[in-house]
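Engineer: From first to last, the protein sequence lines stand for chains A and B.
For the first sequence, the tail end lands on 295 under this note's numbering, and the numbers increase by one without skipping.
For the second sequence, the tail end lands on 355 under this note's numbering, and the numbers increase by one without skipping.
Everything labelled a hint here was simulated from the structure, so no lab data went into it.
The model shown is predicted, which means the values in this text are computed figures rather than measured ones.
Please note that the accuracy of each hint is not assured.
[Claimed, not checked] Below are the DSBU-like pairs computed for lysine-lysine, each with C-alpha atoms no more than 35 Å apart in a straight line:
1. Lys127/A / Lys285/B
2. Lys314/B / Lys334/B
3. Lys82/A / Lys69/A
4. Lys313/B / Lys335/B
5. Lys335/B / Lys294/A
6. Lys349/B / Lys334/B
Residue strings, one per chain:
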Amino acid sequence: MAEVKIAADSGGGTVALKGPASTTGNAAVSLKLPVADGSANQHLKTDGSGNLGWATDTNDLVKITTIRDGGNVAALTHNIDTSTYRAYNIIGAFEPVTDSAYLYFYWRASSADITASSYEYSANYVYPNDNHYVESASGQAKMEVLQNAGNSDREGWRLNLWMFPNVSGDAGPDISNFCTWDGMRVDASSDFRGVQGCGNYDAAANPDGFTIKPSTGNFASYTYSLYGLKA
Amino acid sequence: MTRYRLLNGNKVAFTAEEETARDAEEAAVATEKAANEYKKKRREAFPSLSDQLDMQYWDKKNGTTTWVDAIAKVKSDNPKP
Numbered sequence: 065m066a067e068v069k070i071a072a073d074s075g076g077g078t079v080a081l082k083g084p085a086s087t088t089g090n091a092a093v094s095l096k097l098p099v100a101d102g103s104a105n106q107h108l109k110t111d112g113s114g115n116l117g118w119a120t121d122t123n124d125l126v127k128i129t130t131i132r133d134g135g136n137v138a139a140l141t142h143n144i145d146t147s148t149y150r151a152y153n154i155i156g157a158f159e160p161v162t163d164s165a166y167l168y169f170y171w172r173a174s175s176a177d178i179t180a181s182s183y184e185y186s187a188n189y190v191y192p193n194d195n196h197y198v199e200s201a202s203g204q205a206k207m208e209v210l211q212n213a214g215n216s217d218r219e220g221w222r223l224n225l226w227m228f229p230n231v232s233g234d235a236g237p238d239i240s241n242f243c244t245w246d247g248m249r250v251d252a253s254s255d256f257r258g259v260q261g262c263g264n265y266d267a268a269a270n271p272d273g274f275t276i277k278p279s280t281g282n283f284a285s286y287t288y289s290l291y292g293l294k295a
Numbered sequence: 275m276t277r278y279r280l281l282n283g284n285k286v287a288f289t290a291e292e293e294t295a296r297d298a299e300e301a302a303v304a305t306e307k308a309a310n311e312y313k314k315k316r317r318e319a320f321p322s323l324s325d326q327l328d329m330q331y332w333d334k335k336n337g338t339t340t341w342v343d344a345i346a347k348v349k350s351d352n353p354k355p
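With the rest of the complex left out, here is chain B (with noise of 0.2 Å):
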């Protein structure tokens, strides 16, 4: 299907060109979402570092894990591809 471009306020068709160029950035986009989406949902799901650092804490005095569960539960929550 034909891509357009908003041109000044004006719809232009893509060029051959830019269609092929467009297709490659896309597919380049597939490929390293396919390979990096886990390192990026895996950095917003981490707890915050002053929480971590609270669990660390606790879990020193308490004899606990609970900073160690809650990191690999992130990491099995968002596996390396």
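Just chain A, same shape as in the assembly (with noise of 0.2 Å):
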């Protein structure tokens, strides 16, 4: 196979440019590159013409790590950067290593979970047989996300959660702070609840955090990705 090989620098190892093991329809490809260095994290991007530039990601939606069971711990935490995302975005599930814990969300501030008595929420639970409750509390410690399932083989939560940090300069005293969410939670029973909920953080805070939880007990097993919304 045809390359260009490079020695390195230093003189140690060197770095190779390889064609493929044939080109499509056996073209014969040409790729010119830029004309000059582009910024931080740029890629190439061809003009579909062999020519090659630089380019910037535009995507407004960035994933921002992706976490398969890290072992088992009492709580998941990620620090935030409100000068970069608007809102973040949790997607994945989460199981008990306790049966019947309940899913908690905290802001973060300080390297601190944020846990005086302002979280407010209401979620809807639905289920079959068109049976349904709604758990709603305000003056809480914690904005309770999911209530109890089971720590056992498809049992456990399914979260897709959205959350709003406030930051300094928004609109409003503190309107912020929010978040939303859908998900699930199948029981010790196995049975299955549908969820839809929303919360507050009802009191000042711009948070450079968050952490969700089980009431009691460590997260048995997760996997869940983290994504922000540019702002």
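Could you fit the two chains together into a complex? Lean on the hints.
Structural biologist: Now the structure itself:
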């Protein structure tokens, strides 16, 4: 296979640029490099005629991380960058160690979960046979996102939650710091409940992170992705 | 046993303050659950409102006690602590 091999600057090893085993239709492909260096984090793109240039990723919704089972932990915490992202989305599946645990959400500031009794939330739980109930509360020390889940196979919580942190300079005093979510829980009897909910932190705060955790015990397993929506 | 937090994907041990706060939180959850769990179990065990209305209609029509029996069973199956 044809390649151009370049010796490392200090002489320690080489880097090779290789052609493919064959091109489509055995065409003679020519790619022309840009005339100058690009900016940080730019990537190469083609104009379809063999001319390469630098391009900036213009996606507003950016995947920040995907986490798959980082071990038994009592809390899942992420710092957030509100100068870059206006809103965050976390979507994933979570299972508690302890049967019938609830799933809580906390905003975070100065490296600590915010636990003042200023959370308010409501959620509608819908389940088979035309049944439903509503859970609603205010003056709470946490935002209750999903209720009791089981700890066996295919039980637990599935969650799609958007969070909108308050940022200094936002219109109105602290009208942000809210979450909306939909999801489901499968309890210790393997019974299913579909859920739509929303919640708010009704006090002054400019969060720099968030935490989700079971009401008691650890997470047994979890798989989730965190996305940021640019301002 | 030490608790851990997954912080930005990295496992870090709880601080002493976090351990104390988590102990208090779990104790409060246990207390609340002991006092109020029966209400939540009853809430999910009650027949749907449409089913209850249907029961009441037929009870009125037939002089039966289906609705009262159903509600009483949910209450007795999930007694107050």
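Engineer: Can you name, in rising order, the numbers of the hints this structure does not satisfy?
Structural biologist: 5
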